[in-house]
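As you go down the protein sequences, you meet chains A and B in turn.
Just so you know, the first sequence maps onto residues 1 to 88 in this note's numbering.
Just so you know, the second sequence maps onto residues 1 to 388 in this note's numbering.
In short, the hints are calculated from the structure, not lab data.
Wrong hints could be hidden among the right ones.
Unchecked claim - Selected chain A positions facing chain B (Cβ under 8 Å, derived; list incomplete): (1) 1; (2) 2; (3) 5; (4) 20; (5) 23; (6) 26; (7) 40; (8) 54; (9) 60; (10) 62.
The beta-carbon is built from N, C-alpha and C at its ideal position, and this holds for glycine as well.
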Amino acid sequence: MTRDEIEAGVRTILRGIAPEVDLSSVRRDADLRDELDVDSMDFLRLVVGLHERLGVDVPEKDYPQIRTLDGCVAYLVERVTPALAPGR
Amino acid sequence: MAEFRMPSLGADMEAGTLVEWRVKPGDAVKRGDLVAVVETNKGAIEVEIWEAGVVEEIRVTVGEKVPVGTVLAVVRGEGEPAAAPAVTPTPAPCAPPTPSAPPRGGPVRASPAARARARELDVDLGAVSGTGPGGAVTLGDVETAARAPKPAPALPPAAPPAAPGGQRVPAIRQAIAAAMARSKREIPHYYLAAELDLSGALAWLARENERRPVTARLLPVALLLKAVALAVREVPEVNGFYQDGAFRPSEAVHVGVAISLRKGGLVAPALHDVDRLALGDVMAGLNDLVARTRAGGLRSSELADATLTMTSLGDLGVHTVYGVIYPPQVALVGFGRVQERPWAAGGRVEVRPAVSATLSGDHRVSDGIRGAQFLAALDRILQAPEGL
């Protein structure tokens, strides 16, 4: 799975959580909770969505790493396709 | 014949629009069946019927907006005959003369039993024709009046246009305002707050979530919800309804959960029997309730059944919530943000995660002592999370 495909998967999950938000306007380095006005239940839906769609289980201690779009994609890239990780 | 009426789906609801019928004349229905969808300012609500029988007649068509209490359909009970076809009326035999009733405007003559029964059945004595001596209203007159079909109440007047330069307030905001204004007008609120140490509960939750699959993870709100439901058992004065001058405690604990709508507004549907649910079921029920609230698809019983309400504004950074009780409920529990705070214990100051919990109570039913006992029970229950 390519990086673009992973990001497309994340955007699909986010679209289901916040359907009225224009995702093209979301700042990549801003906290998704603020950008999309999502609460803790919505954030758990994102985590479940990452598990179901991309097969990645994010432990609670790693939640801070996926709070931004860039952070989320980078985290998933390391775990979905190790070949895409930096330096490899 | 039983009448299926437009239900009141909250203290702020005055009317609803019938947008879908799921039954038609001739269909059999049983208690709890979803028979219609009503559009309200909280969105589309699936409405259950609480009578069993066969749909005899549909009285309101799709698209009609009618006040709460309007007869939507008539249901023929099991064993009842179908409505007879119209026949040419024959002259009725002369009825014996009835005693003349006293002129209206003066006090209504009625027996104490009739007055008490009228209060119970919400019957206006002034509108009842009395058949007792001198036109007095009897117990039987009251019960007959209570069984008579009531005229459909008038639709609420349309909201006035916004003043020049002002913003039109959305319908849902107007409805919330009406309910909260009523609450502040009728309910003598008192407020109590307590800081709760959540270090033990959150540590337990982290260990619990490590062993659970991702799809079954619990959020702190599930622990708070269950703890509220268990604390209610110790202080039942916070669980029930105040109606017609009396408190009606509820044996069931259906906690209304305040859920924000993504386009603005707030709904508080009930999660039923929370005190009896396992934590996993509380979380699953909460997920389902939030999803259906925001997407449309709540059921009428979920809007009408809450025996008390809980609200949590922690995600928005609020420290303490001073909530307004939803009438006819008698309490509202609020939670703020879980934050690390300095905590003095055993002569030492440590940093612990803590949350501010508040109780808004109805002084007609409880007082500060009982309210404080509720918060103390809540605290004690959260210090033993394995018991949730």
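Violations among the numbered hints: Hints 1, 2, 3, 5, 6, 8 and 10 are the ones this structure does not satisfy, whereas the remaining hints hold.
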